[in-house]
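Quick note: the sequence shown uses numbering that gives the first Met the number 0, first residue 0, plus one each step.
Check before you lean on any hint, since a few could be wrong.
[What the hints assert, rightly or not] Listed next, the in silico DSSO-like pairs over lysine-lysine satisfying Cα-Cα at most 30 angstroms (straight line):
1. K147 with K203
2. K148 with K120
3. K206 with K120
4. K148 with K98
5. K147 with K114
6. K114 with K206
7. K203 with K148
8. K148 with K114
9. K131 with K189
10. K189 with K114
11. K131 with K163
12. K203 with K121
[To be verified] Computed spacing ranges between beta-carbons, pair by pair:
13. T115 with R178: 37 to 45 angstroms
14. K147 with T221: 37 to 45 angstroms
15. N175 with D132: 27 to 35 angstroms
Since the hints were derived computationally from the structure, they do not count as laboratory data. The structure presented is a predicted model; accordingly, all values stated were derived computationally and were not measured. Just so you know, even glycine gets a beta-carbon here, dropped at the ideal spot from N, CA and C.
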Amino acid sequence: MCPEGMEILAFFSDNVCTAIADSKNYLVGGKVMKRRILSIVISIVMVLDLFLFPYFDEIPATTVYAENELSQGIVIDEEYLIPDNIGWCTYYVIVASNKTGADISISADFIAKDKTGKVVKKVNDYSEAVKKDQQFILYGQFLNEEVKKASSYEYDYTVATTDKCAYTSVSLDTRNVGRCVEVSATNYSKFDIQSVGVRTVFMKNGKAVAFDTVNIADSGITFHGGSTNSQIIGYDAGDYDNYVLTYTSVGTQAYAEDL
0 MCPEGMEILA FFSDNVCTAI ADSKNYLVGG KVMKRRILSI VISIVMVLDL FLFPYFDEIP
60 ATTVYAENEL SQGIVIDEEY LIPDNIGWCT YYVIVASNKT GADISISADF IAKDKTGKVV
120 KKVNDYSEAV KKDQQFILYG QFLNEEVKKA SSYEYDYTVA TTDKCAYTSV SLDTRNVGRC
180 VEVSATNYSK FDIQSVGVRT VFMKNGKAVA FDTVNIADSG ITFHGGSTNS QIIGYDAGDY
240 DNYVLTYTSV GTQAYAEDL
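Let the hints inform the model, and build the full structure from the sequences given.
As structure tokens, then:
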């Protein structure tokens with residue numbers, strides 16, 4: 000079990016699942032990338048990648064930042080375009096770090112455009128509470144049928160401060176269950192909080208091959224104080240050799256600091 004107040008890097012290698020506490024950042028492939036101020040519009044390059052590369056990963060999107068100081072503190076560590084294993088949808092996933100110096104909430108729009116720049120599809124994702132210096136994941140889920148004409152992707156986000164972050168009141172533990180991973184969460188505080196949102200990018204030889212997300216709670220979206228519960232991730236991840244796992248947790252009331 001990881002100690003309270005510590006972030007976690009989880010990885011799977013040689014059929015052994017290990018959790019490593021890291022008080023600063025999650026590492027992806029052993030590195031934290033520098034902030035990408037503006038990525039490249041991917042029109043022709045992405046079309047070629049869609050035909051030539053089976054994993055569709057590490058395809059950059061155009062990034063549009065909201066005009067405020069907090070947004071400048073969001074560091075994009077990695078970006079992945081990840082298809083599911085049945086051809087139904089594709090995920091655009093960003094792994095980012097909160098370097099704003101404050102606990103924040105963040106909302107992101109992910110937009111698919113055709114070669115003329117017309118919006119084909121727009122989806123939204125958000126996190127209500129991201130601890131300062133925490134790494135987190137946001138994603139856009141696109142149904143393949145709806146983005147057949149997409150030739151580029153972009154995203155923008157808005158950021159605000161929050162006083163409902165319960166991140167350090169929760170610890171995560173992981174264990175291998177066959178080709179899946181069991182994620183257990185414990186709420187060490189005496190207060191009920193909202194469900195713990197766990198998001199995971201599965202990797203093979205440094206490439207993103209699958210994405211999964213689950214919420215851990217006791218009843219509905221409520222995770223009781225002192226409770227432990229678990230979920231399974233990676234049912235459809237296929238063959239992978241490690242993964243990047245992040246989580247967020249929201250308090251049910253305002254707090255001057257972590258619970």
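Open item on the list: I'd like to know which numbered hints this structure contradicts. Please list them from smallest to largest.
Closed with: Structure breaks hints 4, 10.
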